[in-house]
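Here's the letter readout for the chains.
Protein chains: 2
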Amino acid sequence: MTSAATAPLLRRLNAETVLNVLRDVEAIRHTELADAAGLSRPTVDAVIEDLRRIGLIAEVEDDTPGRRGRPARLVRFRAERGHVVGIDIGVHKCMVSVADLRGVVLTTQVRSLGQELGRKERLDGVRKAVREALKQARVERSAVLAACAATPGIVDPRTGVVLTCDVLPDWKGLNLRAELGRSFGAPVLSDNDANLAVVGERWRGVASTSEDVIYVLAGERLGAGIVSGGQVFRGHDGGAGEMAFLSLLEHTPGAEGIGALASHIGKEVVARLREHTSSLTGDAALLLAAARDGDTEAQQVLEEILARIARAIGTMALLLNPELIVIGGGVAAAGEQIAEPIRRRLPQMTSLPPRLEVSALGDKAVTVGALRTALDSVESSLLDNLNA
Amino acid sequence: MTSAATAPLLRRLNAETVLNVLRDVEAIRHTELADAAGLSRPTVDAVIEDLRRIGLIAEVEDDTPGRRGRPARLVRFRAERGHVVGIDIGVHKCMVSVADLRGVVLTTQVRSLGQELGRKERLDGVRKAVREALKQARVERSAVLAACAATPGIVDPRTGVVLTCDVLPDWKGLNLRAELGRSFGAPVLSDNDANLAVVGERWRGVASTSEDVIYVLAGERLGAGIVSGGQVFRGHDGGAGEMAFLSLLEHTPGAEGIGALASHIGKEVVARLREHTSSLTGDAALLLAAARDGDTEAQQVLEEILARIARAIGTMALLLNPELIVIGGGVAAAGEQIAEPIRRRLPQMTSLPPRLEVSALGDKAVTVGALRTALDSVESSLLDNLNA
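So the protein sequences, as listed, match chains F and H.
Its first residue numbered 118, the first sequence is counted upward by one per residue in the numbering used here.
Its first residue numbered 118, the second sequence is counted upward by one per residue in the numbering used here.
Chain F on its own, in the form it takes in the complex (with noise of 0.2 angstroms):
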């Protein structure tokens, strides 16, 4: 392959450049701009005009109260030249956020979706909610520069197509770009939950310093987002991280997550549990809450669960040897009452033990590494017309 290196790519790297510093500051000097990002007046310069072509930069005068003489001219990011959409839809409900090109979520609604749905009803519901999002936000539909979605199950790198999914088994064959392309009049991406949960957990979560991670989806299923070097890894078909390979491990054929293993293997602990409560919450909530009462039984099935659950990570940071696990999913709000236990055990299984963090983000994580990778689209579109 020969490639040749141009002047349009210098131009592009000088410009990201001057985003960076930009999208950090209220309003900057030209001067004090070049210096930030290291490049020379002239050059900052021709960037300057370059991003307020492309309308992602606005210059201001300095207003600064007591300022004498002639106004000197700022710089500053135009956050509200557009705006993006996270969209996480799952097997409940659908989570739907909204931010500015700084990514300032402006807002981010739930709406139910009933398990039973099929396919066209539960896209009218995403839809729905996206609507409703947007009216809060006071977004309008053709201010959204990009949106992305994540589903569970296995997404096509290349084409966006979801290859399997075991929990929403009609998604089976859809393209989630196309169907909720039509919607936006702005491209859609989508990718598998778990790795855009990694992405919000590297850009706003407890996985900022690390390259190497791996952000454990550990709620009703077990599912897995995986970065190494700070570059997602998916796989060649998009099905990396996923970890139905417990069902290899413990010989449970289904139970995954674990919601999955409380219905499974704490089915009696559960339905005894369920006849002195009236509430409305999931199996894993329940054992959850009774082992955190003092009840003994759900205490030592919780135990077994974790222990399994614990065996999948270990295999997983023996293979991978990353830096950092981040246990997310519903069941993250629990925190050190699962994390302690998991922690406990991987020095049984690996000499490189890896740290193990719960999530900050919580069920939050997936929409806010949806809008960062809206926002990566955004960008990158809007760069690649400096050269056109």
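What the hints contain is simulated information worked out from the structure, not anything from laboratory work.
Note that beta-carbon positions come from the ideal geometry of N, C-alpha and C, so glycine has one too.
Don't take every hint at face value.
[Said to hold, decoys possible] Restraint-style ranges between C-beta atoms, simulated for each label pair:
no., chain 1, residue 1, chain 2, residue 2, range
1, H, Arg158, F, Asp501, 27 to 37 angstroms
2, H, Ser300, F, Gln417, 55 to 65 angstroms
3, H, Ala124, F, Arg255, 44 to 54 angstroms
Position chain H relative to chain F; hints supplied.
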């Protein structure tokens, strides 16, 4: 972080592009080189001057018989500019290859090393093997521009220190780069053997068209080299691909590779076979030969061993979703006798079963990968001098 793309970056990228063209031809005219590299004639002339200055190319006259008029100037890659050495340190032997800068292998030498050797004696044996190989290739030590050494165990990717090595316990804490660096006047790199084998398979083996590959070193022990998106996946401390997790899967501590499993679960059959043979080969080779000869017990034990190996490989395939798995190591010579029973089981374990091939490089995959790694390092440091 702010960093600006500058002219030196362009200069280097152009030099790499030109080198990629030159390495594949004997000699080429400036105009043809410009076309093939997709660069302007003035740019190519500047690159040629750069590369001539660091000794990587030479100008020659076109001596095509029958050519008329003024001789045309041709440029050629100077493969003789220096040499590289690839070293595979094993438990029983050390293999050393010497190549020129085009990667043409001049010699490959093998030296036996006793399993009982201590650290110092083993290192002495490695140095002797290198001396023999250089002598055989008629290459002066001073002409070696880089070497790369492979070892079992986990090698810290930052320092080159062996963090753990089950099969060579006193190897732990060894800084191979420093130890062997003293023997050369050139940089010495080091890495885990399976990590280098997967590089070798991608360069000159069965994985040349795949970006998502797992190489399984299925010999006495089990280890894996993982490549994702064309990059070696090392993990945070270099521990990725350590497949000790077969113990987690199978509850047979220490019995990892085909050889170890043969000695462990095939103990009685192996003992019986030893009574009727004078062969000095390992337990795995003995078992494989007997199975081929129709020994039913040997066939049953082999089937059981390969079922366990298949579970380890299937777990990796499920978690990492590679396009291709390459079976290598000492047992690769058995070819389909090993590959077929593993391949047959993969679809039971993952919905996206990868292709499975036997290494064509056999026990040379590691040294081939070491040569490639040394070549990359040489080219990179020579090009660093462009802007000096």
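Note to self: Name the hints, by number, that the structure is in violation of.
What the structure shows: Result: no hint breaks.
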